[in-house]
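Enquirer: These are the residues of each chain, in order.
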Amino acid sequence: EMRDTSEEQFVSALTLIKQRSARETGDDGSRGPEEESMSYDLGRMAAFYNSSTDSFDFNNHQEMADKASITVQFLVGRLFSLPSQPAEGGRTVDLPPPTTSLPREKPVPQPRPLTRWEKFAKEKGIQKKRKDRMVYDDQTKEWKPRFGYKRKANEADDLPPIIEAGPGDDGSESPWEKKEKERKDRMDKQKNRERRNKEERGETAHLAPPPDAVRAEKKAATEAALSLARKSTASVGKFDKKLRGEKKDAIKRKLGAEQATGDVKHEKARQLEVLNKIVSLDTATLDLDKAAGRVSSFLPGERDGDRRKKGKTGKKERGTGAKTKARKGRGK
Amino acid sequence: VMSKSPTQQKVQNAPIRIKRKPRNARAKRVMLARDPKVREEDRRTLFMRGTHTTEIITDILKNLHDMKKPDSRYLPRRIEKHPFEDDTSIEFLCEKNESSFFGFGSHSKKRPNNLILGRTFNYKVYDMYEFGVSNIKTMDDFKPSKFPNYCNSPCVVFQGDGFDHNPKLVDVKSLFLDMFQHAPSEKLNLTGLEHVVVLTAKGEKVAFRHYGILLKKSGSKVPRVVLEELGPRFDLELRRNRSAAPDVAREAARVPKQQAASAKLGKNLERNAMGDTVGRVHMQAQSLDQLQVAPPMPPHAARARLSRLVLMQTRKVKGLKRSRDAGEGDAAKRARGAGDESP
Chain H
1 EMRDTSEEQF VSALTLIKQR SARETGDDGS RGPEEESMSY DLGRMAAFYN SSTDSFDFNN
61 HQEMADKASI TVQFLVGRLF SLPSQPAEGG RTVDLPPPTT SLPREKPVPQ PRPLTRWEKF
121 AKEKGIQKKR KDRMVYDDQT KEWKPRFGYK RKANEADDLP PIIEAGPGDD GSESPWEKKE
181 KERKDRMDKQ KNRERRNKEE RGETAHLAPP PDAVRAEKKA ATEAALSLAR KSTASVGKFD
241 KKLRGEKKDA IKRKLGAEQA TGDVKHEKAR QLEVLNKIVS LDTATLDLDK AAGRVSSFLP
301 GERDGDRRKK GKTGKKERGT GAKTKARKGR GK
Chain W
1 VMSKSPTQQK VQNAPIRIKR KPRNARAKRV MLARDPKVRE EDRRTLFMRG THTTEIITDI
61 LKNLHDMKKP DSRYLPRRIE KHPFEDDTSI EFLCEKNESS FFGFGSHSKK RPNNLILGRT
121 FNYKVYDMYE FGVSNIKTMD DFKPSKFPNY CNSPCVVFQG DGFDHNPKLV DVKSLFLDMF
181 QHAPSEKLNL TGLEHVVVLT AKGEKVAFRH YGILLKKSGS KVPRVVLEEL GPRFDLELRR
241 NRSAAPDVAR EAARVPKQQA ASAKLGKNLE RNAMGDTVGR VHMQAQSLDQ LQVAPPMPPH
301 AARARLSRLV LMQTRKVKGL KRSRDAGEGD AAKRARGAGD ESP
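Chains as they are written, first to last, in my numbering: chain H, 1 to 332; chain W, 1 to 343.
Next comes chain H alone, as it looks inside the complex (with noise of 0.2 Å):
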């Protein structure tokens, strides 16, 4: 960018830095970056210094502190000069989209489908009224609620208790029943609508196999909704009798069947199994050195020179006979 240097209230932050560079370092700010290396996401507030870093020095922290304020003092520079508004405590700048890429965390969402209401909806152009919770009453001249305490009293709705036969009507028809039948087919009929719109979605049941399902998969998913749904019961299945030919899913214990038995030769296997993890018995050797020592220092009197000393190589066993056999448990 060119500048009129006689403007001197704007002075572009790359002088400045110049002017601080050879004020401190003495030299003409050669060794620095240049503006040129620079890029910038200002979207993301990031800056990329493309250039050689063989003269950074990990080490020296306070030369790696200058270099990158003269980085970020690039990257300043850059968002101070976007467009912005005054706002509390400084100025709000908008910040440009961002240009770097991110993969995102989880798939875009797919669009749900439009139900078969929608879709009509969408087509004539109906759109949705939204309903005011109070309702003007034209015989009371009031504003009522439109359900609930005090609401306004719909005819159709509320029939009376004694209703006037008409012209047509021989008794045989009761009309609270005939509205209580009429809201039950409308409810079920709403019922029948949503299951079909789930159907059509392709919601599948809970437990259900996917479409693609060979045989062996849709028999295995057969027996787990079976097996679910036989313990689905108070008490999960426990107290339930069996039918003829039903096999009950095996009842969840605590320890193995193994562990729980009382089998003398494997605990005993097991028990030495874990003491050999501490001590190792099978390799265990005796260090005439170390013992030694550890008995003269209780014995009165011995001092180091006197002990025997063994060599190192000289890992001898106590003894190989048959007591020392049965004493450590070897043979099983």
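Please keep in mind that the hints were generated in silico from the structure rather than gathered at the bench. Treat the hints with care, since some could be wrong.
Unchecked claim - Simulated crosslink set (DSBU-like; lysine-lysine; CA at most 30 Å straight-line):
| no. | chain 1 | residue 1 | chain 2 | residue 2 |
| --- | --- | --- | --- | --- |
| 1 | H | K277 | W | K110 |
| 2 | W | K267 | H | K119 |
| 3 | H | K106 | W | K187 |
| 4 | W | K96 | W | K21 |
| 5 | W | K96 | H | K254 |
| 6 | W | K62 | H | K122 |
| 7 | H | K198 | W | K267 |
| 8 | H | K106 | W | K110 |
| 9 | H | K231 | H | K219 |
| 10 | H | K128 | W | K257 |
| 11 | W | K28 | H | K231 |
| 12 | H | K119 | W | K28 |
| 13 | H | K189 | W | K21 |
| 14 | H | K106 | W | K62 |
| 15 | W | K124 | H | K218 |
| 16 | H | K128 | W | K21 |
| 17 | W | K21 | H | K119 |
| 18 | W | K37 | H | K129 |
What the hints assert, rightly or not - Below, a sample of chain H positions facing chain W; criterion: calculated Cβ distance under 7 Å:
| no. | residue |
| --- | --- |
| 19 | F48 |
| 20 | Y49 |
| 21 | N50 |
| 22 | S69 |
| 23 | P86 |
| 24 | A87 |
| 25 | V236 |
| 26 | L299 |
To be verified - Computed Cβ-Cβ distance ranges for the label pairs, DEER-style:
| no. | chain 1 | residue 1 | chain 2 | residue 2 | range |
| --- | --- | --- | --- | --- | --- |
| 27 | W | P144 | H | A87 | 22 to 28 Å |
| 28 | H | A87 | W | E270 | 24 to 30 Å |
| 29 | W | E55 | H | T285 | 33 to 39 Å |
| 30 | W | R29 | H | P86 | 37 to 43 Å |
| 31 | H | K179 | W | E186 | 53 to 59 Å |
Beta carbons: idealized from backbone N, C-alpha and C, even for Gly.
Using the hints provided, position chain W relative to the given structure of chain H.
Expert: Showing chain W alone in chain H's frame:
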């Protein structure tokens, strides 16, 4: 949402995730919050330790956790499985904690002071990078005069052409740009420029430095920058890495149509300063000499037509007296008698 029912174990097709129907409103809110969104807001980080760690690497993890609060969680429990050997643990924990960034610190003879930083996409590891950490100084050892405000997003600066030329460092750059900042916003209050993370690449090593920005008065509109180290300070040496598989990378890079559409209205449409949506109608070239024009109406017909139009307009205005012109006569009566439909 991963189901733990015996169905999952029995049915062979494991990758299918069964969506549990929420049984109450609170569960439904949580489920909706976890659904994919068009515009993703702040992503959470999960910091974990392996079976063996050193005090230093634990401190680094804790410092990074502090930097990323409140969108960060530090797990007190140690994780047995090493991410590069078995990533099921990481994936499970990141899903349960709803985090898409993770940091894993460990120490072994073969890999001392090991730090793994990575991201997930759709609850599966997207990419991860293993670093050896050295030259460490934690945040406690620095005594800056000013701390950045809680939840303030730092600027990020990358120094070194290695970030452009070395393909591994290019990915590392993407990770760091993603990890240390909040979701990008459209406005920035300039007093909020409080701290900056500076990453310098030299060879295969990357220096991580965290400075507070002090803005001093300068001669111009742009203040003078003075940096004050906040810590942590450490150098990273890239060990192993696992980059994103190309098909996953492509899916993760997709921009939703809604986001692209909100930027521009669509072809041919503009919003003018008044807020009106304006479009252009492009006509073919017309030769005005050859225009087919209807023969001019006889004057009485023209007047009748005009008065019909005027009458229809005035009829709409309530209480407006209709002026009866001598010339209107029959045409007016006819118009009135025709009905009250709009023209």
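Enquirer: Now look at each hint and say whether the structure bears it out.
Expert: Now for the hints, and whether the structure bears them out:
| no. | hint | result |
| --- | --- | --- |
| 1 | K277/H <-> K110/W | holds, 25 Å |
| 2 | K267/W <-> K119/H | holds, 25 Å |
| 3 | K106/H <-> K187/W | holds, 25 Å |
| 4 | K96/W <-> K21/W | holds, 17 Å |
| 5 | K96/W <-> K254/H | holds, 27 Å |
| 6 | K62/W <-> K122/H | violated, 54 Å |
| 7 | K198/H <-> K267/W | violated, 35 Å |
| 8 | K106/H <-> K110/W | violated, 35 Å |
| 9 | K231/H <-> K219/H | holds, 19 Å |
| 10 | K128/H <-> K257/W | holds, 25 Å |
| 11 | K28/W <-> K231/H | holds, 26 Å |
| 12 | K119/H <-> K28/W | holds, 26 Å |
| 13 | K189/H <-> K21/W | holds, 23 Å |
| 14 | K106/H <-> K62/W | holds, 26 Å |
| 15 | K124/W <-> K218/H | holds, 27 Å |
| 16 | K128/H <-> K21/W | holds, 27 Å |
| 17 | K21/W <-> K119/H | holds, 26 Å |
| 18 | K37/W <-> K129/H | holds, 27 Å |
| 19 | F48 | holds, 5 Å |
| 20 | Y49 | holds, 4 Å |
| 21 | N50 | holds, 5 Å |
| 22 | S69 | holds, 5 Å |
| 23 | P86 | violated, 11 Å |
| 24 | A87 | holds, 5 Å |
| 25 | V236 | violated, 13 Å |
| 26 | L299 | violated, 41 Å |
| 27 | P144/W <-> A87/H: 22 to 28 Å | holds, 26 Å |
| 28 | A87/H <-> E270/W: 24 to 30 Å | holds, 28 Å |
| 29 | E55/W <-> T285/H: 33 to 39 Å | holds, 36 Å |
| 30 | R29/W <-> P86/H: 37 to 43 Å | holds, 38 Å |
| 31 | K179/H <-> E186/W: 53 to 59 Å | holds, 56 Å |
Consistency note: the structure conflicts with the earlier hints numbered 6, 7, 8, 23, 25 and 26.
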